[in-house]
Amino acid sequence: MTDQPLLTARSVSKFYGNRIGCNDVSFDLYPGEVLAIVGESGSGKTTLLNCLSTRLLPTSGIVSYRMRDDTTRDLYRMSEAERRFLMRTDWGFVHQNPADGLRMTVSAGANVGERLMALGDRHYGQIRETATDWLGRVEIAADRVDDQPRAFSGGMRQRLQIARNLVTGPRLVFMDEPTGGLDVSVQARLLDLLRGLVQDMGLAAIVVTHDLAVARLLSHRMMVMKDGHVVESGLTDRLLDDPQAPYTQLLVSSILQV
Amino acid sequence: MTTPLVVSELSKSFTMHLQGGICLPVVENASFAVRAGECAVLGGPSGAGKSSILKMAYGNYAADSGQIIVQHGHELIDLVTADPRTIIAIRNRTIGYVSQFLRVVPRVSAVDIVAEPAIAEGLAPDAAREKASTMLARLNLPERLWQLPPATFSGGEQQRVNIARGFITSHPILLLDEPTASLDRANREVVVEMIEEKKQAGTALLGIFHDQEVRDMVADDIIDVTGFAPARAA
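In order, the protein sequences belong to chains E and D.
Here the first sequence is numbered in the working numbering, starting from 4 and rising by one per residue.
Here the second sequence is numbered in the working numbering, starting from 806 and rising by one per residue.
All the given hints hold, so there is nothing to weed out.
Stretch by stretch, here's where chain D covers chain E in the computed footprint (C-beta under 8 Å, at least three residues):
#, region
1, 191-198
2, 219-231
3, 236-249
Hints are computed from structural coordinates only; laboratory data are not their basis.
Beta carbons: idealized from backbone N, C-alpha and C, even for Gly.
Can you build the whole structure from these sequences, using the hints too?
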């Protein structure tokens, strides 16, 4: 266990005019740690995720990241080129809708290979081999490597998106409702896969979800958001089994028992 | 003899915000210690707060006040104030837990569920799986079930997966929440044997056993929880 955080957020706020997107959020994320951000629609989860991943400029606050060379950099003081390089190599971003994270009109293999090429790989055979290997890891059959994601089901597209993001061996992955819109059996398969990959690769991840079962299965720590504020945060199982804040109690008691 | 777990002046109440903010005190001023190589049993009727104490000792419930001092490696750490990351590290290395119910994960096989804490503790995956198989065999779980996810297992079968998962590691502290509740006599005896071996190895055990017979066999010390019952406000 390293004692330096990978990502640090300090007083991150985003206002849309005078409406609050997220307000005064601070936390540290350590290597190998999975943080779930939960809350209902409109609570500011996705706004926060976008602010952390440099997809949306926060109104105020600091987000810093420890680079591979161990220097800690303020994300919003980097050049655009450096940020893009970071996003393509050391980070992953899994969108709720796979179409937002994939290129729908190039083959599955090319979708995975593209990120390798961004890293400078030029050997076609090797790229294809790595891509096929990764498709296998996310349980997509090798004979689908030349198909376009348009021809894939929702669950397959989501798994392809995960392969595309993880192929470069990132240290941090952002996920926005990774299992949203999938039926439960497909969801279970995806969760199992994610859980295994996160464990094996020692990934740190920030997962936005409204599904507390997903949070329990994937995350170590949880942050509960309401109206742009963090109302409670802590160990995932403690928050779910012994919620303190009124809103967390409401969320937990609203889970349907099967 | 060392004392890896010391609880002092521990109090806990539940505030139910959805029920008009009523406050239910469950534990008040609990103080006790568990020594290495000893099995302490929390005694008292249902609802006396035994499970709450056990869950606080695992960091699963928050405490209102007091201390839970755990020997973690060469450090002494107070679980009541420890941050989530420290609690996770303590669970990986220091405190094991056998709950009453198995939380099944879709698609993960029984043998992998059992092996998981051993891998977290640092054992190589293959060695962990082998150890897991040995444990499951000892607890008489039919071999044809090992590769299946336990969602469809019977209560007793799930419980045995759970026990194997809790006992596979060499954590210096092991918490047991009714580990023998849904087991037949033969398997109960296996568990009693396993508890005995843990004691020999110097593990500090803290448990809840409703089964009088098992309790008499394993308990070195009975901690009467009714002594920590809050005075009911009139």
